[in-house]
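Asks: Spelled out from the first residue to the last, the chains are:
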Amino acid sequence: MDLASQLLQYLFAGITAGSIYAIIALGFTVVYNCTEVINFAQGEFVMLGAMVAAWSIITLHLPLPIAFLLAVAVTSVVGIGLGCVVIPPLKRASVVTLIIITIGGSILFRGLAMLILGQDALPMPQFSEGSVMVANAVIMPQSLWILGVGLACVVLLRLFYDKTMVGRAMRATACSKEGALTVGININRMVVISFALAGAIGAVAGVIVAPISLASFDMGTMLGLKGFCAAIFGGLGNFGGGILAGLMLGIIESFGAGYISSQYKDAIAFVLLLGILFFRPQGVLSGRKRE
Amino acid sequence: MSARESPASPTSEALAQVEKGHLDRRVLGLSRPTWPFVLALAVAMAILPFCFNNTYYITVLIFIGINTITAVGLNLLMGYAGQVSLGHAAFVGLGAYTSAILSTKLGLPLWATIPAAVALTSLIAYLVGMPTLRLQGHYLAMATLGFGIIAYIVFKQWDLVTSGTSGIVDVPPLSPFGRTYAETPRLFDLQTYYIVWAAACLLLVLSANIVDSRVGRAFRAVHGSEVAASTLGVNVSGFKIQVFVLSAAYAALAGCLYAHYVKFVNPEPFRFTFSIELVVMVVIGGMASVWGAVVGAGTITILSELLRSVGDYDVIAFGVILMVIMTFMPQGLTRAASDLLQAILRGRRNR
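For the record, the sequence lines run as chains W and C.
The first sequence runs 1 to 291 under the numbering used here.
The second sequence runs 292 to 642 under the numbering used here.
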C-alpha cells in the first residue's frame, strides 16, 4: 500500500471514530447546557444502545430498524430515570455530589446490562454489505452509515433547538434559569428532557458503532471518556466545538496509532485532555471563557 | 499574654470568625477529641487478630487498613479542599510500582524504596495538580481522570520497566523481624497487619491534627467559600495543591504497603474502577470527617469481599449505594450516625 492510500485509510478510520466521539460529545453538551452537570453516565447510554440493539437482533430476531428504535427508546427511558434522580439534589447539592450521582448511575447501568444482557460481547450485523474503494483505500459501508447518521443527528438536534417550543425552552433554560422560570418554563421538565435526549443520542452512537466494535457491557467507559475529552476540547457546552473536536480527536488518534504507537492509542485522548486543561481550559475551539 | 496565644494574627482570628459564622462546627464530626478515639481504634485493632483463627480475616483487615490510608488522604482532598480526584488509583499504583521496581530490579532495601516511591508520587501529583488547581471549577477532577487512565495504560504497556500485563513478581515482603511467608504464614500476616494498622493510626492522628490546625481551618474556609477565604488572606490555590499532594503521598504509601504485602504488582488493580471505589469509600464514610475514611474503607472492602461470591455483580450494589447515599445523606454515614445520636441525646435531655 503506498503512502497516499495509507494516509487516506487512516483518515477514514479517524473520521469514523471521530464521528462517534462527536455524537457522544453532543450528549454531554445537551445535559451540561441544561443542568451544568457533567453526566458521567453518557458512556453507559452508548453501551446500552449497542447492547439492546445487538441483543434484540440476536435473541428476538427483530429487523435492524426496529431494533434501532427499541434501543433508542429503552435508553431514553433510562435517561429519564437518571434525570429524575438528579432533580432533587440539583438545587442544593455541590457539583461533586452531582458528578458522583451520575457515576453511581453509570456503575448501576453497567451492572444491570451485564446482569440482564450478559457478559459476552455481542456481534451486530453491518447495516449494509460490500465495500467502497477510494484511491486504493477501503471505506467500510458502516463508516458511511456512521457519518450519515451522525450528520442526521446534528441536523435533527439543530431543528429541535430552533423550531420546536420545547427546544427553544431548553435553550432559554441554558441561558438563564431565572429568566426561564419567569416566562413559565418548567425547569424540572427541561432537565428530564435533556437527560432523555442525551440517552437517545448516546443510544444512536452505540447502535451505529456496534457493527464495528461489537457490543459489550464494558464498552461504555472508554467511549464515554473520549466523548467527554471531545466535549472539553470543544469548550464544554459548545455544540459546534464538540463536534469538530470529536472529529479532530478521532483523526489524531488514528494517525497517532498508525505512526507513533498503537499500544498507546487510548492514551492519546487523555494526554491531549491534560494538555488542554493546562494551557487552554476554556477549550480549543471556544472563544469565550465559560467558567 | 502567653507564648501560645501570641500567634493569633488578625487573619486567624478573622478565619475563626468565618468559621463560626458560615461553617458548621460539626463538620469536624468525631475528630475533636482525637486521642481517645485513636487509642480505642488502636486497642481494638491490636486485639482483633486474636479473635479469629482464620488468616483470611487478617488479610481482609490488612486490605481495610491499606484502603483506609488512601481514603484518609482522599477525604482531606474531597472534604476539606472541595476537590474530587477521579484518578487516585494511579497514585496508589505509582507508589506500588516504584517501590516494587526499585526493590526488585535495583535490589534497594525497603527503607529506601518506600520513601522514594512516596517522594516520586508526590512530585508527579504536584506537576499534575499545579496547573489545574490554579483554575476555578472542577478541572482537577478532569485532569486526575485523564492522568489515571494514562497511568493505567503506561503500567500496562511499558513492558521494559513495568513488565506489562504479566506484572512484577517476587516483590520483597515487609519483614523487619525477618519472618517470611514461607516459614510462618500467620506470623508474616500478623507483622504486616500491625505495620499497616500502625501506619493507618498514625496517619489518622496526623490528619486529625492537620484538620484542627490553622491549616485545617484554612482548608475548611476554602471549602466554605473560596472568595471569602482569599479575602482573608488564605492562599487558596496553594492550600489546594498542598492537600492534593498530601493525599497523593498517602495513596503512594498505601500502594507500597500493598505491593510488599501481596508481593506481586500488575496493572489490573489500578484501573479507573478502583479510583471510583476510593471515591465511594470517602463518600460513604462521609466527606470532611477523617474517621469517615475508616468507616468507608471498612464498609467497601468488606462489602466487595462479601459480594465476591455473587461474581461481578457487586458493582450494581455499589452503584445503588452511591446514588442513594449521595441523594439522601450527602454528608455520609458517619455524619448521619452522629446526627442521629445527637437527636437521640437531645430527645432524652428534653424529656
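Treat the hints as calculated values from the structure; they're not laboratory data.
Check each hint, because a few of them may be wrong.
Short, incomplete list of chain C residues facing chain W, as computed with Cβ under 10 angstroms [stated by the list, open to error]: (1) Gly373; (2) Leu523; (3) Met614.
The calculated label-pair distances, taken between Cβ atoms and stated as ranges, are [said to hold, decoys possible]: (4) Gly118(W) <-> Thr456(C): 45 to 51 angstroms; (5) Gly275(W) <-> Ser457(C): 28 to 34 angstroms; (6) Leu69(W) <-> Ile593(C): 42 to 48 angstroms.
As the structure is a computational prediction, the values presented were derived from the model and not from experiment.
C-beta atoms are modelled at their ideal positions from N, C-alpha and C, and glycine is treated no differently.
Asks: Is the interface hint for Met614(C) satisfied, with its Cβ closer than 10 angstroms to some Cβ of chain W?
Replies: Constraint on Met614(C) satisfied, holds at 4 angstroms.
Asks: Can you let me know if the beta-carbon spacing of Gly118(W) and Thr456(C) is within 45 to 51 angstroms?
Replies: violated (25 angstroms)
Asks: Note whether the CB distance of Leu69(W) and Ile593(C) lies within 42 to 48 angstroms or breaks it.
Replies: Between Leu69(W) and Ile593(C), where Cβ atoms are some 44 angstroms apart, the hint holds.
Asks: Between the beta carbons of Gly275(W) and Ser457(C), is the distance compatible with 28 to 34 angstroms?
Replies: For Ser457(C) against Gly275(W), whose Cβ atoms are near 31 angstroms apart, the range 28 to 34 angstroms holds.
Asks: Under 10 angstroms is the threshold here; is the Cβ of Gly373(C) close enough to any Cβ of chain W for the hint to stand?
Replies: holds (7 angstroms)
Asks: Should the hint that Leu523(C) touches chain W count as held when the rule is a Cβ pair under 10 angstroms?
Replies: violated (21 angstroms)
Checked against the numbered hints listed earlier, the structure breaks hints 2, 4; every other hint is satisfied.
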